[in-house]
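Using the sequences provided together with the hints, build the complete structure.
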Amino acid sequence: MTQPDQIQAIKYINAGLNEVLGDSKDPLNSSMSFEVKNRVEASLESQGENWTRGMLIRAGRASLYYWMRDNGERFGWNSMDFRLLSFRHKLLRGIDDLTTWWSQSGAGSFTIGSNDKKVLVEYHPGVQAITDLGCCFFMGLIQEYISWIASGKFFPAQEIQCHKSDLQCHLFEINKTPLD
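Going letter by letter, the sequence shown gives residues 0 to 179 in numbering that gives the first Met the number 0.
Wrong hints could be hidden among the right ones.
[Unchecked claim] Restraint ranges, calculated between C-beta atoms of paired labels, are given here:
| hint | residue 1 | residue 2 | range |
| --- | --- | --- | --- |
| 1 | 45 | 82 | 39 to 45 Å |
| 2 | 175 | 69 | 39 to 45 Å |
| 3 | 177 | 10 | 28 to 34 Å |
| 4 | 103 | 80 | 21 to 27 Å |
[To be verified] BS3-like mimics (lysine-lysine), calculated; alpha carbons at most 30 Å apart, straight line:
| hint | residue 1 | residue 2 |
| --- | --- | --- |
| 5 | 89 | 10 |
| 6 | 117 | 175 |
| 7 | 36 | 10 |
| 8 | 152 | 117 |
| 9 | 116 | 152 |
| 10 | 117 | 89 |
| 11 | 175 | 116 |
| 12 | 89 | 116 |
| 13 | 89 | 175 |
| 14 | 89 | 152 |
| 15 | 175 | 152 |
Read the hints as simulated data drawn from the structure, not as lab findings.
This one's a predicted model, so the numbers in the text were calculated from it and none came from an experiment.
All C-beta atoms, glycine included, are put in the ideal place defined by N, C-alpha and C.
Have a look at this one:
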């Protein structure tokens with residue numbers, strides 16, 4: 000098993016951005032991380048923060064499938080043992096797998112907490128953070144993972160604390176009980 004690196008992580012982010020926004024017009028004239036920053040900054044300038052946040056959530060959702068294509072087997076997500084786990088076990092194991100991989104890629108650090116009703120994921124952006132709105136990308140990634148394992152049921156997931164607060168971290172909350 001190879002250790003994930005920042006280049007792999009940026010490729011997944013770019014794949015999600017390309018799916019949502021279309022292929023970049025200038026992929027050869029800049030590094031991939033610079034390209035991601037430019038695309039996010041251009042989106043902020045032309046569309047505003049709310050639109051850009053939504054776009055990054057969608058890019059995170061799209062990126063999960065590119066990540067799963069390359070890493071699903073490695074983490075055993077394609078195995079019958081994983082598929083037969085209860086929803087709560089798949090939720091915790093998958094969130095742990097995702098956050099471990101993304102932490103090792105240099106995207107930041109994650110801490111997972113859980114109680115009977117919710118899973119809390121605390122995200123601290125790394126020094127090499129691609130964008131200040133990386134929280135939106137990871138929220139989308141987590142939302143799509145939950146959707147993938149939930150067999151059509153909707154489990155609310157949201158960011159309840161953003162980096163803009165004094166605590167310098169993002170906090171995601173995932174309900175363990177579906178709405179439907």
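Cross-check of the supplied hints:
| no. | hint | result |
| --- | --- | --- |
| 1 | 45 / 82: 39 to 45 Å | holds (42 Å) |
| 2 | 175 / 69: 39 to 45 Å | violated (28 Å) |
| 3 | 177 / 10: 28 to 34 Å | holds (33 Å) |
| 4 | 103 / 80: 21 to 27 Å | holds (23 Å) |
| 5 | 89 / 10 | holds (26 Å) |
| 6 | 117 / 175 | holds (5 Å) |
| 7 | 36 / 10 | holds (13 Å) |
| 8 | 152 / 117 | holds (16 Å) |
| 9 | 116 / 152 | holds (16 Å) |
| 10 | 117 / 89 | holds (14 Å) |
| 11 | 175 / 116 | holds (5 Å) |
| 12 | 89 / 116 | holds (15 Å) |
| 13 | 89 / 175 | holds (11 Å) |
| 14 | 89 / 152 | holds (14 Å) |
| 15 | 175 / 152 | holds (11 Å) |
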